[in-house]
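Enquirer: Based on the hints, put chains B and C with the ligands in the right spot on chain A.
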Amino acid sequence: MSVDFSVGLYGLIAIAATAMVITRARPVHALLYMVVALLALACLFDSLGAPFAAMLDVIVYAGAIMVLFVFVVMMINLGQPDETRERSWITPSNWFGPSVLAALLLTTLIFALGHGDAATGPNITEVGPTAVGMSLFGPYMLTVELASFLLLAGLVSAFHIGRALGEKR
Amino acid sequence: MIVPMPIIIVVTFAAVMGVAAVSTMVERRLLGFFQDRPGPNRVGPFGMFQVVADAVKMLFKQDWVPPFADKPVFLLAPIVGFMAVLLEFGVIPITPHWSIAGDLNVGLLFVFAMMGLAVYSVVLAGWSSNNKFALLGGMRAAAQMISYEVFMGLSLLGVVMTAGSFSLHDIVLAQSRCWFVIPQFLGCIVFLIAGIAETHRLPFDLPEGENELGAGFHTEYSGMKFGMFFLAEYAGVAMISALITTLYLGGWGGPILPPFLWFAIKVVFLICFFILLRAALPRPRYDQLMSFGWKILLPVSLINIVLTGAILLWQAGA
Amino acid sequence: MIGIIRTLWLTFLHLFHKNDTVPYPETKPYLSPRYRGRIILSRDPNGEERCVACNLCAAACPVDCISLQKGEKDGRWYPEFFQINFSRCIFCGFCEEACPTYAIQLTPDFEMSEYVRQNLVYEKQDLLISGTGKYPDYSFYNVSGLAIPGKDKGEAEREAAPIDIHALLP
Ligand code: SF4
Ligand code: SF4
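Residue numbers (full-length UniProt numbering), protein chains in the order written: chain A, 1 to 169; chain B, 1 to 318; chain C, 1 to 170.
No lab work stands behind these hints: they were computed from the structure. C-beta: ideal position from N, C-alpha, C; glycine also. Just so you know, nobody snuck in bad clues.
To give an idea of the interface, some chain A residues facing chain B are shown, with a C-beta separation under 8 Å as derived from the structure:
| # | residue |
| --- | --- |
| 1 | Val28 |
| 2 | Pro51 |
| 3 | Ala64 |
| 4 | Met74 |
| 5 | Gly128 |
| 6 | Pro129 |
Calculated Cβ distances over 10 Å to all of chain B for the following chain C residues:
| # | residue |
| --- | --- |
| 7 | Pro45 |
| 8 | Gly47 |
| 9 | Glu49 |
| 10 | Asn55 |
| 11 | Leu56 |
| 12 | Leu68 |
| 13 | Arg76 |
| 14 | Trp77 |
| 15 | Asn119 |
| 16 | Lys124 |
| 17 | Gln125 |
| 18 | Gly154 |
| 19 | Glu155 |
| 20 | Pro162 |
Looking at chain A on its own, in the form it has when it is part of the complex (with noise of 0.2 Å):
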């Protein structure tokens, strides 16, 4: 399967689970095409020559953040009555605005993408695990520092509120 076909056809696939996860009524089957998204990126990296980054992709997002937005939905089980309403929701009158600004954002990238001198041939090279590492510790360090404060700041903020709660009781 030459390189082309393979990145065409990853991404026909995200596209169209995209498209399904915005008309899906039902929660998790609106999940469940986000989780296929991801996995469609995911073998879009790689084919790119990007393994690492793929293998981060199902990881973090498919693998822990996709759950938790699934044990979340299963924690409150919307029932029938939501599914109704989610489907009145999703005519025409809603979509339209929303798709509107989708498709200007789309251009703008599209137009971006076409005036780049990014991705304008296979000259594919393979981004192995120890470049991606050498690469966020030395001219993306301030990044990585940054991020890790961030992250910080977030363990700092859920372990307050869990131990607010446990307090009270």
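Expert: Same frame as chain A, but now just chains B and C with the ligands:
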């Protein structure tokens, strides 16, 4: 010896299924011995055909989808679980030349990705059954598997740092002098515990918890769909055993005997050890499981990483 | 931690223990003579029925599964029919304890499954055996004061001859 890829794929997957099926029988026999009774010994010599009998029974059972279930998701769940486990075997190097994916440079991460997807099988099964016991089982599974995946990943980082690669092939080669179980003892223990929790095997089988949740997430499953969960669970045990073998026990390495035999011996030993764990240990309570993970395993694995890093830096400096 | 390792080790040692279970249909387990299994009605050493149809067993039975009818022959009472419904019997042994004549006894036999439920109602001919069961020498009439043909009052074991109340001698 170069074997064509299709043969490798078919033989490996068939072997995995065979091992999973046989280990159901071995487990019941061994559990019997641990409890001073012979175990199933009626069908065939030493009860060996019990596996066949079980398979036939499962195939001919009525495959029932409850009317209140969410049908597509209900059907999807066992398939996801089964495929995820099978795919994990794709990157395990069984001998230097026998591995489906060959020498994948992100092999370990691929295993993790598939483990992450395997969570869906349990969670979706619990949700789509539309049954409160199944739902409780699914929620327990989600919390348990996601948190234990964290410790699992952290405990492995020691191995990755020492070997300097995510490729399972390289990791095995790096153990040619000394098995990682010795320098990475803490990591190995944490990985073992997290592995049991990850495959939701006893004693960490809270998602199933027969005595409180019926059968947990697969309460509503019957016939071959249940069979798939069943096989996936045992294939998962074989998988964790194969992973521990590859990461900590030197993979195919060993003197005199051929590589494949060494791999098989180590895996079988670990599977038997898992069965011993099941026979001996009681199931912890749910909150105990969680606090054990976050308050003991997490610090231990972090300490392991820091120590390994310090030692590696010290060695590099010296 | 030590406790867990010790548990694992002790469980592991069980691999080398002898099995506690036996493969049942081929090897029968040992059952003591006092085992509470299938119920029988025994005879006394002379070969007569021991049961005197006193109904005490039926009264003692917690699930009311014994039914019998008294008959009389030569001054001896005997059950005309005697049924035990084994599909209800719980093998508690109360009937055996209640019986004054050791007639009803429980035996170490439990293999009494049937395909038809009615077949579990045992009649007297199913219950009555030709021997004495667990008490070989005991015969109720030999120790009781009742007169039967061949044994008058005062002739039982350890029984004094009856006092003739019409003889006014001291
Ligand atoms: S063993 Fe108990 S239940 Fe059975 S007949 Fe005797 S008294 Fe009744
Ligand atoms: S079996 Fe014993 S208790 Fe029952 S009626 Fe006969 S003598 Fe009385």
